[in-house]
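> In case you want the letters, here they are:
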Amino acid sequence: MSTPARRRLMRDFKRLQEDPPAGVSGAPTDNNIMVWNAVIFGPHDTPFEDGTFKLTIEFTEEYPNKPPTVRFVSKMFHPNVYADGSICLDILQNRWSPTYDVSAILTSIQSLLHDPNPNSPANNEAAQLYRENRREYEKKVAAIVQESWNDDEDDDDEEEGEKS
Amino acid sequence: MLLDQFNFHYISGWTAVASWRWIANDENCGICRMPFDGCCPDCKLPGDDCPLVWGQCSHCFHIHCIVKWLNSQQVHQLCPMCRQEWKFKE
Ligand SMILES: [Zn+2]
Ligand SMILES: [Zn+2]
Ligand SMILES: [Zn+2]
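Listed in order, the protein sequences are those of chains A and B. Numbering follows UniProt numbering, with no gaps: position 85 of the first sequence is 85. Numbering follows UniProt numbering, with no gaps: position 7 of the second sequence is 7.
It should be emphasised that the hints constitute simulated quantities derived from the structure, not laboratory data. None of the hints are false.
DSS-like mimics (lysine-lysine), calculated; alpha carbons at most 27 Å apart, straight line: (1) A:Lys75 / A:Lys54; (2) A:Lys75 / A:Lys140; (3) B:Lys89 / B:Lys68; (4) B:Lys68 / A:Lys66; (5) A:Lys66 / B:Lys87; (6) B:Lys44 / A:Lys14; (7) A:Lys66 / A:Lys14; (8) A:Lys75 / A:Lys139; (9) B:Lys68 / B:Lys44; (10) B:Lys68 / A:Lys14; (11) A:Lys139 / A:Lys54; (12) A:Lys66 / B:Lys44; (13) A:Lys54 / A:Lys14; (14) A:Lys54 / A:Lys140; (15) B:Lys87 / B:Lys68; (16) B:Lys89 / A:Lys66; (17) A:Lys66 / A:Lys54.
Among chain B residues calculated to face chain A with C-beta under 10 Å, some are: (18) Ile31; (19) Arg33; (20) Cys40; (21) Pro41; (22) Asp42; (23) Asn71; (24) Gln73; (25) Cys79; (26) Met81.
Now the stretches of chain A that chain B is said to cover, found in silico as 3 or more residues with beta-carbon under 8 Å: (27) 3 to 9; (28) 56 to 66; (29) 96 to 105.
The beta carbon of each residue, even a glycine, is placed where N, CA and C say it ideally should be.
Sequences are here, hints too, so could you generate the full structure?
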């Protein structure tokens with residue numbers, strides 16, 4: 001079934017494939033174009049560097065007049081990300097514009113990793129450390145960067161059978 | 001504030017986005033992304049009555065696309081491209 005929202009999402013996907021922005025990727029799930037999986041690679045020169053952070057994006061039939069719901073699935077430690085992975089970002093809420101597409105959403109989240117906004121904290125501990133104890137902040141971020149790699153290794157727990 | 005940073009990265013850092021803006025402005029409706037020489041996704045055939053309209057800010061959309069957006073806005077009715085108050089160009 002083709003609706004305006006679905007057709008727009010097909011165009012978003014085409015654009016993402018033909019003109020992929022650096023450091024992000026995304027694609028609809030196999031059986032539902034209204035739900036996407038995405039990955040944001042931690043930007044260079046930030047404590048998030050080398051992290052591979054997974055997200056889900058859920059659209060409604062009102063897209064693009066209403067923004068999608070975007071959440072980190074990978075564990076995140078960031079002043080503007082809530083404990084459940086949802087993101088406090090103005091363009092996903094009151095400054096949404098129907099001219100944004102999936103590329104725009106992902107690159108704006110990537111730039112949020114670059115430039116946290118400690119004035120609208122979603123994670124008070126992260127916001128406080130970001131302001132007052134940058135070294136401790138970076139340590140906590142380094143821990144979730146490591147965890148982001150472990151997400152990919154669900155299948156490496158085979159037993160070696162070395163007990164002789 | 002975040003949006004300004006976003007635009008900054010967007011425009012200065014990644015050509016992908018410069019081309020997005022250009023496409024959105026000149027050949028495709030910025031809302032539905034369909035070409036201006038076709039109709040919006042709510043209309044089936046190019047022969048359907050789906051004209052283009054301009055705002056006073058000079059941004060252009062399919063009439064159905066911009067009206068749907070304006071109707072979804074409770075408080076301010078802003079142009080999706082430049083965020084100025086939307087007024088139809090006479
Ligand atoms: Zn349109
Ligand atoms: Zn139309
Ligand atoms: Zn405008």
